[in-house]
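Protein chains in written order, with our numbering: chain S, 1 to 167; chain V, 1 to 386; chain C, 1 to 150; chain X, 1 to 384; chain R, 1 to 166.
Be careful, since some hints might not be right.
Listed next, the stretches of chain X that the computed footprint assigns to chain V, with coverage defined by at least 3 CB atoms under 8 Å from CB atoms of chain V [stated by the list, open to error]:
hint, region
1, 60 to 67
2, 307 to 319
3, 375 to 381
Computed list of lysine-lysine pairs in DSS-like fashion (alpha-carbon distance at most 27 Å, straight line) [claimed, not checked]:
hint, chain 1, residue 1, chain 2, residue 2
4, C, 14, V, 313
5, V, 341, C, 139
6, S, 161, V, 307
7, X, 58, V, 366
8, V, 150, X, 58
9, S, 8, X, 97
10, C, 82, V, 248
11, V, 194, S, 15
12, S, 25, S, 57
13, C, 14, V, 97
14, C, 14, C, 60
15, C, 60, V, 97
16, S, 68, V, 300
17, S, 8, X, 58
18, S, 142, S, 157
19, C, 41, V, 221
20, S, 8, X, 380
21, X, 375, V, 366
For the chain X half of the interface with chain R, some residues (derived, Cβ under 8 Å), not all of them [to be verified]:
hint, residue
22, 27
23, 194
24, 344
In case anyone wonders, no lab produced these hints; they're calculated from the structure. Don't be surprised by glycine CBs; every beta carbon is placed ideally from N, CA and C.
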Amino acid sequence: MYGLGVLKGLWVTIKNFTLSYFTRKRLTTVQYPEERITLSEHARTFPILVYDESPDKLRCVACEICAKECPPKCISIVRAQDEAGKPLKQPKFFDIDYSVCMNCGICEEVCPFDSIYMDRQFELSAYERSEEFLYTKDRLAKSAEYFSKIRPETAKKVEEKRKAKEK
Amino acid sequence: MNCPYLQNMDQQSTLDTQRLEVSLGPQHPSTHGVFQMDVVLDGEQVIRLKPVMGYLHRNHEKLMENMSWLACMPYTDRLDYFCALANNFSYALAVEKLAGIEVPERAQYLRVIMAELTRLINHIVLVGFLLNDLGAFFTPVLYAFREREKLLDLFEDVTGSRMMCNYFRFGGVKRDVPPDFILRVREIVNQFPKFLDELEELLTHNEILLSRCQNVGILPKALAVNAGITGPVLRASGIPYDIRKIDKYSIYGRFKFRVPVGEAGDVYDRYYVRILEMRESLQILEQAINEIPDGEVISKAGAQAAKMPRTLKVPKGDAYGRTEAPKGELGFYLVSDGSGKPYRYHVRAPSFINLTVLEDMCIGQKVADVIIILGSIDIVLGEVDR
Amino acid sequence: MKTIEEIKQAIETKFGVQISIENNSLLIPKEKWPEIASFLKTDPEYSFDYLSSVTGTDYKDYLEVVYHLYSMGRECGPLVIKIRTDRNAAQIPSVVSIWRSAEFQEREAYDLLGIHFEGHPDLRRIFMWEGFVGHPLRKDYVTEDQDRKI
Amino acid sequence: MLNTIDQIFIKAKQIILDILSPFLPEWMMILISIFIVIVTLCVFGPVVMMYLTLLERKFIGRMQNRYGPNRCGIFGLLQPLSDGIKMFTKEDIVPQKADPFAHFLGPITVIIPSLLVFSVIPFGRNMIPSDLSIGILFFFAVASTSTLWIFTAAWGSRNKFSLLGGMRAVAQMVSYEIPMLLSIVPALLVVGSFSTVAIVNAQEGLQWFVFTPWGLVGFILFFLTGVAEVNRCPFDLPEGESEIIAGFHTEYSGMKFALFYMAEYMNAFSVSALVTTVYLGGWQGPILPSWLWFFAKTFVLISIMMWFRGTFPRMRVDQLMGFAWRGLLPLAFINLLAAALWVHLSFPLNDILSFCILTVSVLMIYVANRKVAPKKRIYKYAYE
Amino acid sequence: MTLFQFLATTAFYAAMLGILIAAALCVTVRNLFHSAVFLAFTLIGIAMLYFFLQAEFIAAMQILLYVGAIMTLIVFAVMLTSRMGNPAVPQSFKNKKIVFLPLGLVGFILISAILKTPWETSEPQTAVNAVTLGKALMNQYVFPFEVVSLVLLVALIGAIVIARSE
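With the hints as extra help, turn the sequences into a complete structure.
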């Protein structure tokens, strides 16, 4: 019959309207600042550097593999030297330009020393584009506890691997 | 009509309206991105239509020439940003064909599951935006987005990011799926047909939609083949050409699924063929979940290449890998000169080539139809302009 | 589908032109290309009615255009055809009149690599604006390198 | 007790007049009473419009599985206020190429008819602003001028999209005015007078016109043409967002755009008010106070219009015209015939006769349009 | 009440003045579209006069027919013929001063004739409402009514024939 399809369409929308008052499941809105969706364990936004005891003793040994492998080339590392000029296994500068990084996670995969991992922070707005998005070493450093808090399983795996390596 | 007065009336027809040159320009609510059409109108009738592209051109292919093979993978997500995993699939296939890397069983199944879930996302979003061009005030789009959120949450758990997944590696996938993955996919597969029935009840037999979409923007069979149109647009014109069935790449040969075919080749057929294709994808997903084996998700060579990308040796030569992306045939033509970087990296983008027939379909139609014809071709400007 | 050698023999006998095979693709001289193309498309034996992709590549001393041909009717695999032309006066006869799908792709090759396709109905730049100078995909195309100062 | 609630607004006005009467001369009192009515209408119009926008956004929001605005105020009740403030503070851009006189004139002249129209709508028992003997005719006369003002706005902004919108608006309004007028004529035929109060009184008790066969068809016809006349979905071609950006009000921003927006919603309110007055028995209703009945019915009709907006895609220009000329117009003429017969004959026969005339005519129109109507299709599968 | 009477008459004359200004503007303004809009204002002004004279039905018909239908046609004509740019009508009339002489003469003659003739003003009998008009149309003047509708029908068919031939 000619008019039936139009009426069925109306029936669908009014059904959604009435049922939305009975089953909360039908309403998918999340009131963002108050309620938040819990991010999954593997969600990745921007890379961070992990340290064990103190922020200036990072796990990173400045081998620059991640800087070479990073597709948009947003990581730049300068190796530290002691007074005699002998290069140390420590980065003097370790900058990641968050405005260039496209959070692909390749640096996390290729890092042999489990020092760079993807964080889950995404509320990183800033007023000034050039300075504030260029994260220096101390802003990138995050403790191992923080890392195991946001990514429990990967932290457990990394712990076993490191213990096995020490033995 | 033999009365003399009207005879000379016809010669100098005084009633023709003024030709209107309108540019449905880059900033237009329904060109799905920065795409411009210079349209010449006679009243509401379209006389000439010239597409203008290049507003989103990033010279993707030159960029890839100084990236390593693995570093190109995250960029393929940005080609057709609605179906990142389909682009990854095609690029991974091309490189594996070039470098001769095998893919373990479980990874093949995971790839097929991810590709079919992306097809679901692309088709429901397209149906939503096509209805938006038709004027339905955002209701179908929001129903489609309600379902898409569930799928995107699943992608976030598995690949790490909702849209820019970067999940495929040469020789398998980046990481194994979380334990409850199969349960969640099964729950989506059971619940999706109910959503499709509700959408069809709202739309498919709606008289206004029928009269707006039928016999509008007809694409004849011969022109479709000659112009290299692929994907649902081609199948809506009546040619059952589906690369999953022709090439049987990856493990698509093992799954039993049908290929819906329209016959009039107008906007309504393109809309309904996509809905039927979603139902077929659900069949594939059903079979894939039941048969997925355990085992490693990436081959030895693949894992080693992922961990140390420098060690990936791609021999000299060229290869052309193509897959059935939701929008059509997505092909990668790669030339390698043995160094760690691709010498030439060419993307055969389905949206870009499907636009060749836009003018043929729009001549003689009204302005309102031009918008829905463009919407029914389903272009994404990231892929058109590269 | 017939193997590459059979197709090579058929074309050579029919057009009397020297073709070489280079890792599973036919290297055809550019003069005879439109006739061979329409032969491949119309001949019921081959009926390659679907030109999937046209790619231009820059090999330092010559430019090469690669055509991937498929047959939708007989559902058979890719026939890869390569045509070479020298770098500065890059001229290749266009096949738009035979396969309409080449229209945009040849314009793209012209825009990004500077290969001129005579016989193309509307050979304009497709991505770049009219006033753009140079062809980006050429290996010798150098833009000023804005290196980031850290 | 019920009567006092029913006449509460008239009593309030009387109280104000009694307070002022000792101080002012007699003729000034007449002016004051007219002035009170005008002020209430001019305040009532925009306030209803603001809360109609909120009702629409929440109603369609719930249809689309979301909440709708709930940030400003408790349930988003202050949202219209914030929209109003935004409209005030937004910069009012006049395009350099636009014709300043017509561009400026557009919004002003669009708002006047939609306010004037309120003067003939009976909001409750003897609560009609001005009881003109030509109530309905005045409504249509003023409403038909809005076509011209919309075109002035479209022509004034000198923009190709608004010109397209203007052309569509004029074509649509002219071709929907005739079925609209004709769908009212049966009610006038039965009542015998143009005055809206007489029409409402004729529907005493529960004999609303909508329960008679010709009344039902007239109600559907008048409601559909009303939706078209007001440019609301599925007939909202003049401002088809997806095709011609925003149709005739593309080049307007700030307060001018707010005027267009207000005119659209007030027209929607006044058309639904007129539909209730003519076919749903205006403020007639069993126990509740009269004005409450009137507002309940009007808001039901407006929510139906919003329901349409949440569901239907837009019609194309030629289908829109076809629908009016091939579908509504013949039905309106036959409905007129059926109503005349209904009036002429006695009770049992007239209902049956007019009912079968109408069903036969609906079937005939349906069959006549068979060729144009779209067909359902079945789809084959390859690789079975 | 005299002040009320005074207010009513001033309003009446103000409306008339408005009509005159709108009519003058309609004739003199250069832009074709503006003159169409001013024509619409003059017609609405005339409808207001009818309202003042309690002839409501005629006023409503005036607005409905003139402004609603005929003005729309005129605006359509303006849109179809003139360019989108600015539909200005090229006026090339060098010495405008001379035209005031004959204009003034004709005006003087007209006004003096109007003032001199004794209009017999009968006080308004029962207001012309729709019912009496309808009855008259259907009883006494039914024949002219039918003939006029025939003429309109012919005009309608003529228009369709011309438009259809394109």
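Evaluated hints:
no.: 1; hint: 60 to 67; result: holds (count 5)
no.: 2; hint: 307 to 319; result: holds (count 11)
no.: 3; hint: 375 to 381; result: holds (count 6)
no.: 4; hint: 14/C <-> 313/V; result: 41 Å, violated
no.: 5; hint: 341/V <-> 139/C; result: 14 Å, holds
no.: 6; hint: 161/S <-> 307/V; result: 16 Å, holds
no.: 7; hint: 58/X <-> 366/V; result: 34 Å, violated
no.: 8; hint: 150/V <-> 58/X; result: 24 Å, holds
no.: 9; hint: 8/S <-> 97/X; result: 47 Å, violated
no.: 10; hint: 82/C <-> 248/V; result: 26 Å, holds
no.: 11; hint: 194/V <-> 15/S; result: 14 Å, holds
no.: 12; hint: 25/S <-> 57/S; result: 48 Å, violated
no.: 13; hint: 14/C <-> 97/V; result: 33 Å, violated
no.: 14; hint: 14/C <-> 60/C; result: 33 Å, violated
no.: 15; hint: 60/C <-> 97/V; result: 25 Å, holds
no.: 16; hint: 68/S <-> 300/V; result: 23 Å, holds
no.: 17; hint: 8/S <-> 58/X; result: 22 Å, holds
no.: 18; hint: 142/S <-> 157/S; result: 18 Å, holds
no.: 19; hint: 41/C <-> 221/V; result: 16 Å, holds
no.: 20; hint: 8/S <-> 380/X; result: 25 Å, holds
no.: 21; hint: 375/X <-> 366/V; result: 21 Å, holds
no.: 22; hint: 27; result: 4 Å, holds
no.: 23; hint: 194; result: 6 Å, holds
no.: 24; hint: 344; result: 15 Å, violated
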